[in-house]
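Protein chains: 2
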Amino acid sequence: MERSFKLLLDGLQPYLNELASAAPAPGGGAAAAVTVAQGLALLSMVCNLTIGKKRFSAVEDQAKEILEQVSSMQAEALSGAEADMDAFTVVMQAYQMPAETSEQKSTRKATLADATRNAAEPPFRLMALTARALPLANQLEKIGNPNVLSDVFVGRHLLIAGYRSSKENVEVNLNSLPPDDAFVSEMRAKMSGLAAGVPGE
Amino acid sequence: MERSFKLLLDGLQPYLNELASAAPAPGGGAAAAVTVAQGLALLSMVCNLTIGKKRFSAVEDQAKEILEQVSSMQAEALSGAEADMDAFTVVMQAYQMPAETSEQKSTRKATLADATRNAAEPPFRLMALTARALPLANQLEKIGNPNVLSDVFVGRHLLIAGYRSSKENVEVNLNSLPPDDAFVSEMRAKMSGLAAGVPGE
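Just so you know, the protein sequences line up as chains A and B, in that order. Numbering of the first sequence is given in the numbering used here, commencing with residue 1 and proceeding in unit increments. Numbering of the second sequence is given in the numbering used here, commencing with residue 202 and proceeding in unit increments.
Not one of these hints is a red herring.
Covered stretches of chain B (in silico footprint by chain A; criterion: 3 or more residues with CB under 8 Å from a CB of chain A, positions within the stretch not fixed): (1) 207 to 214; (2) 229 to 239; (3) 276 to 286; (4) 348 to 361; (5) 366 to 373.
Simulated from the structure, these hints should not be mistaken for lab results. Cβ coordinates follow ideal geometry from the N, Cα and C atoms, glycine included.
Make a model of the complete structure from these sequences and hints.
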């Protein structure tokens, strides 16, 4: 048992090393997604410790329904992390474009703006996913196995941190676009639409 | 590049699968520690993107000092996660002890209380570590490479979530001890001593 815990944690080291390295990706985008994936995994655990137990049979169907949703969201968060890193790489490449002639400058500017708008999408999708996940944590707080209630609470803290983190990651892209870009105002409107269900937002 | 991102994330899957499974460990304790480790890794990244650059030479020594501290804290958070899972396993074992005779009952009760007090220590150490790490994030916000400022913010969100999560993990242990246990009041006093430097606490 001890040995397998150590192995599980050792398996995280390559990711953490890359996160800590001077390579700008993986960075905050991946960290936000992995945090959300962990929060969702904890909610799955609580469902798995509720389902199939006689004393929770009245909520069995609800727990199964939540499990299905959080499992699929977990996969979505991780595939979003890949999309995030890929989109970020495209932004980095656009920064490297030549900017000597005025034609080069204008091509670079347009390419960079496109890449930046694209790079705002994966963290926005993670924000939206987290806003959909939080009500499931609240539901599980009421119906889940009370022996693992603290895991629901930890899961919720991680989801909220994932929401706030992905918001920073959207903002950093929006802030590097011209303020009169229609995409910026559309995105900000969509973001404030999500805040209602998030504690402290 | 793309391929290696996918590999890094695939490497997290065994851990996430165990977290999501019905096995109660790894659970909230490990998730809190891994979240803190990610937050610290992001702060390391920001240091690594500040150190060695001419335009940040005035803060080079400070960034190196922060890097040394956050790296060592990252290792500490992960070894704490192992201690947390091991201590939790001992609690689970104590619950399995026979409780038929009154002697067995009293032995089980004492063993369980001991194991529970021990299990409160690793999450408390993680809380304390996080409280020490937050001022480093604040310092880095001022002196770090501004191109990766959003990574400092994400790092801070993750540290705060790690603090709140480890607090839940201490509380769940304290709440299962007799309220007049001296350990409970000592622990709560030490916990409130940490809250001052944590936003929103």
